[in-house]
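Below are the chains, spelled out letter by letter.
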Amino acid sequence: MEGSGGTSETQNEHVEQRLVSLQDENRRLSEQIKRLVKTEHELYQFQEQLDEQVRIYRHLYEIGKKLNATLDLGEILQIATQFPLYQLNFERCVVLLYHPEENTFCVEAHDGYYDEASQARVTGLRFSMDDPALASSLSGSDQIICAEGCDQRPLLALGQALEMDEYVAFPLGGEPQQPIGLLIAGNTLDSTVQHTRIQADSEFVVGLANLVSQVATTIRMRREIQAREQRLKEEAHARERIEQELLVARRIQHALLPKDVPALYGWELTKHYQPAREVGGDFYDFLPLSDGRLGLVIGDVSGKGVPAAVLMASTRSVLRAVAQRALMPGQVLADANEVLCADVPPSMFVTCFYGILDPSSGRFHYANAGHNLPYWRHDDLASEMRATGMPLGLLPGMNYEEKEAILVPGDAILFYSDGLVEAHNAEGEMFGDRRLQSFIADRSAERTSLIEELLVEIANFTGADGEQEDDITLVRLQRSTI
Amino acid sequence: MTTNAGVGTSRDHNPNIAGREAAEQALQKAGVDRPDFVFMFASIGYDQHSLLRAVRETTGEAPLTGCSAEGTINGDSTDESNFSVLVTVISSEELHWRNGLESGLEADPHAVGQRVAQALLADLSAETIGLFVFPVLTGNLQHFFAGLEGDLSIDRFLPLWGGGAGNDLVDWRERTYQYCDDEVITDGVSYALLSGKARAGWAISHSLIPIGGERKVTRCQGNVIYEIDAKPAVEVLREYLPDHALTDEGDGGRSAVSLALCSRAPSYIKDEEYVSLGAPTVNLTDGSIAVQTEVQEGMSIWLSSRDKEKVSTGFDRMAKQINQQLGGEKPKLLFQFECATRGKMMFREQEKLQLHRRFRQAVGPDVPWTGFYAIGEIGPVGEHNHIHLYTSVALALS
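As given, the protein sequences belong to chains A and B, one line each in that order.
By the working numbering, the letter at position 361 of the first sequence is numbered 361, and the numbering carries on one by one without gaps.
By the working numbering, the letter at position 42 of the second sequence is numbered 524, and the numbering carries on one by one without gaps.
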């Protein structure tokens, strides 16, 4: 019995020990579960905060993309006012923009629910630059917070105007004390339970600061782009106006240049006029004189555009008038110079070669007022027809040297303007007088295609991409061999 | 014989815009101009009257029922911000609705139940399908059920579906709203009796698992527990919560909701061993906690926690049950009443959306789907109408 009792006691002890051990284990497990539940709880909260931050920054990234895709101020401000409401859960958001012409900040956009009367009032709000309600916001601070319990009157005044009992205000870009606008987000106290409270350094206020920075950059960029667009528009207008003027100038010039060359028995007269893109001042004229002779004019007015066209017209008229009175070319140029000197604006002048041909004798008298020297092809040589004289319109009382050439059958003269010899090739080299002289010397005077060949030569010289810099005027006088 | 339903939503913060936008969207999806009936669930950030007015104007004054919500569920998309409204419009030749509203639920739930029963008596028929109820969650909603069922004089079981009106859960005892036509109240129940020719399939799933061993309620009154295992009830909760969690009552509510008190499930609940008594609401002054069900001294209780795996498998099971009940018929409309603790308080956004997507895919990806995050979910188990907590209740009509 004792043995049996001893065994039973031993078993009981064993069971009790086992029970104590299980209770210990149960206690340990229970404590572990409590720790796990606590940790899980903390993790939930931590994860919630992290998720919230990630969500805000993801939306900020999306907003950045949206802002980059638009220059429409209304759209920019809509994005700016929606974010504080729909992503940060503030009740209201208002953007004021500065209008320098009135020195006021006006409500440019707002979101959040206002009843009809409040909406109309808030929409029309304007604050002068020195309004005390804006003083803090324009003090140069990065942000102004008016939280519950704030007792600063100016801050409360702004909140009252915008119907926000608590708010955060951010200056939008610009100079620290003169921002381009203000973004204000906040709540009424009645609705704070359902909205994000205003607290400095909360992730929501930081998110808002981030938004403000993006919006300010976009508005600034938009303004710069708009200013650039305006400048470009003005430049385009100016260009258009100039083009119009050039068109008028070109029409004047074309109207004044002879369309046909006079027919002279035993003589060939050809001309070519090739205007540059910008209107130059080249001109030529044929003046049948009363004694049967023919006056030949080639000239170039300094400058371009309308002024050059007007001076060219005036010079042509003067030359036509004086050519009928004077018998010799030197006198014609001298008389013309006297008339023009009175009217030509300072720094403008006219180069002009004037010759008078007696078709029956081949006698050619000429004088030159500073124009490019024509080439006389005679006996397979091309020589310059040199005669001294100042350009017209510079100084009064000028004399012009007169020369004479006798053109025999086969002789030819090429009159030209500086656009020909001053044409450049791709290397910047000029076509030049020497090259022209050789070209003329190398070709028979009878070649009626001289001008065409010369133009091909020039085109080859300047190259396909070479832009014609100046007018090119060519007049060729050829005494027939028959 | 057709039933058309459409669900529309809006997140606009302006109640006038939000109400109109959600209603227009719902009408467009249903393809109707004038619906026969409207359900509306909305967050409490809105001015409720303005929101309701906007919905009513847009839906042509069609009869409406609904309530405020912690969040809205529109198909596999959910919104638990404070600004979301969900409008469901229904146009049907085969369904008939009778809606109503009763206040005073907190003061006398039994009497309110009786009044609702009296109001519905004339409309009960062989074609009655069930009753949608959206009450303010009171200490013991079973008294409301008792009052209602006791006075119905109906020879067959009347299933109740719905959810307790919600708020933003900063403090779930804060005001919630119930809607009926143009009326908004805060302490009552809105309801809609559904009759006609439709098949209803529903399912419920729980999310709690017990942690720790059995405990006893040693001092209590009504739904307030003062002591558990002879210790102040709050101290028992503290054992499971971080030190800072119960420092004030406001935060305490949010922290304590991660724990729940369970008791043994009644015998008619076959799928679950335990059912929730409610989310504890702490009172730091006297160390008590309140739950949403009445308790008795000596009652066995278990602290429990939400389990993600259980939620996930629960949705799978619900989809299966609903599909079986509908006999393969495609639902024309689905209601989902989800516990507010099973939303963002439990899941990360993507996690939550994936679960809802999977559930919807399993029932019908293009079925109009409406619901909300509730404080207390209502759905029958067997022939017992029950207020559940930490659960999901889904009802499909085909």
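Each hint should be verified, as a subset may be incorrect.
Said to hold, decoys possible - Distance condition first, Cα-Cα at most 27 Å in a straight line; then the derived DSSO-like pairs of lysine-lysine:
1) B:Lys834 with A:Lys34
2) A:Lys233 with B:Lys812
3) B:Lys511 with A:Lys34
4) A:Lys38 with B:Lys790
5) B:Lys802 with A:Lys34
6) A:Lys38 with B:Lys802
7) B:Lys713 with B:Lys679
8) B:Lys713 with A:Lys271
9) A:Lys34 with B:Lys679
10) B:Lys679 with B:Lys802
11) A:Lys38 with B:Lys679
Derived from the structure by calculation, the hints contain no laboratory data.
Status of each hint after checking the structure:
1. B:Lys834 with A:Lys34: Judged against 27 Å, a Cα distance of about 26 Å means the pair holds.
2. A:Lys233 with B:Lys812: Not satisfied, since the Cα-Cα distance of roughly 63 Å exceeds 27 Å.
3. B:Lys511 with A:Lys34: violated, 49 Å
4. A:Lys38 with B:Lys790: holds, 17 Å
5. B:Lys802 with A:Lys34: violated, 35 Å
6. A:Lys38 with B:Lys802: Roughly 35 Å between the alpha carbons, so the hint for Lys38 (chain A) and Lys802 (chain B) is violated.
7. B:Lys713 with B:Lys679: violated, 55 Å
8. B:Lys713 with A:Lys271: With a Cα-Cα distance of about 122 Å, the restraint between Lys713 (chain B) and Lys271 (chain A) is violated, given a limit of 27 Å.
9. A:Lys34 with B:Lys679: violated, 52 Å
10. B:Lys679 with B:Lys802: holds, 23 Å
11. A:Lys38 with B:Lys679: violated, 51 Å
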